[in-house]
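Participant: Full structure from sequences and hints, please.
Respectively, the protein sequence lines represent chains A and B.
The end of the first sequence is residue 139 by our numbering, with every number in the run present.
The end of the second sequence is residue 287 by our numbering, with every number in the run present.
Calculated from the structure, these hints are not laboratory results.
Every residue gets a Cβ at the ideal spot worked out from N, C-alpha and C, and that includes glycine.
Hints should not be assumed to be uniformly reliable.
Covered by chain A, per the in silico footprint, the following chain B stretches (three or more residues, Cβ under 8 Å) [to be verified]:
id	region
1	150-162
2	173-181
3	187-199
4	240-250
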Amino acid sequence: MTGGPGIPDGTHVPVLMLGDVLLVTLQGELHDKAAEQLQQDIAAAITDRSARGVVIDVSGVEIVDSFLGRVFAEIAASTRLLAAETVVAGMRPAVAITLVELGLTLPGLRTALDADEALRMLTRASGYLSHVPGRRENA
Amino acid sequence: MTETSGRLAACLPIRSDMDLAWVRQHVRQAAAEIGFGLVEQTKLITAASELARNTLVHGGGGQVESVVLDNGRARGLRLTFTDAGPGIADVERALTDGYTSGGGLGLGLGGARRLVHEFSIDTRPGHGTCVTVVCWAAGAPRPRKEAR
Ligand SMILES: Nc1ncnc2c1ncn2[C@@H]1O[C@H](COP(=O)(O)OP(=O)(O)OP(=O)(O)O)[C@@H](O)[C@H]1O
Ligand SMILES: [Mg+2]
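Facilitator: Written out as structure tokens, the structure is:
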């Protein structure tokens, strides 16, 4: 399955582990099935690897429609039931403006300006600061 | 008064979630070529994504036709989503935020209407649905939202 020229294949999302936080970086087009798969992958990764937090970096995402917005909300909800926190990081201004006009304000969702800040929020909360590679104290 | 001219840009099938990605990609390209600003582009692509998904999920699949418009002062894009599905019995209710016949959030249709400049629905229960939206590139005189 590929999206052909011009469309990143949109079928697989890598999930990285940084300390005890899962870092998920979304890029370009994401097919619906890949978004649903991601939801399951994250839940599995939280229990398999005892993650305490999930950062979804959406800085490379040009469009969030009601489907993808709902996926974010559901990831956050299931993550919470598994005793972890989700932070959506780096939303583009045009996407934020559009979501509000669409009527999707995602009230329960924690957000951060970028992935760095999201990691800081989560590691501060769980006290695992030193386990995150490459982060600076008091940056 | 200047006649609005139109040039057919594309006609794309809507049969799978991969087709939804193609529709977004096409609208993104067309909107950029026409000269839409980033926010306008994002709004139109998002509206197109909502309507294409409705065509797929509720209409059982269909197609979208895109036409580049020029009214002499501004350029715009018209998108027409057509399906031969069950139609919408109560359009006002379908447009209401929060109304869904399935497991959705019920934001797609009403939200898409807010994201574009012109919006119309032509539907007949048992025969299908056709939703048409138009967006003009910034600087164009925006038609006032009329009382319905
Ligand atoms: N093309 C269509 N054919 C038949 N019914 C439709 C069509 N588009 C919309 N509808 C009806 O209008 C309702 C509202 O649509 P809307 O897009 O607002 O919400 P949704 O698709 O149910 O959920 P969401 O888009 O938020 O995920 C739908 O639940 C459906 O009953
Ligand atoms: Mg919908």
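Participant: Which of the listed hints are broken here?
Facilitator: The structure conflicts with no hint, since it agrees with every one listed earlier.
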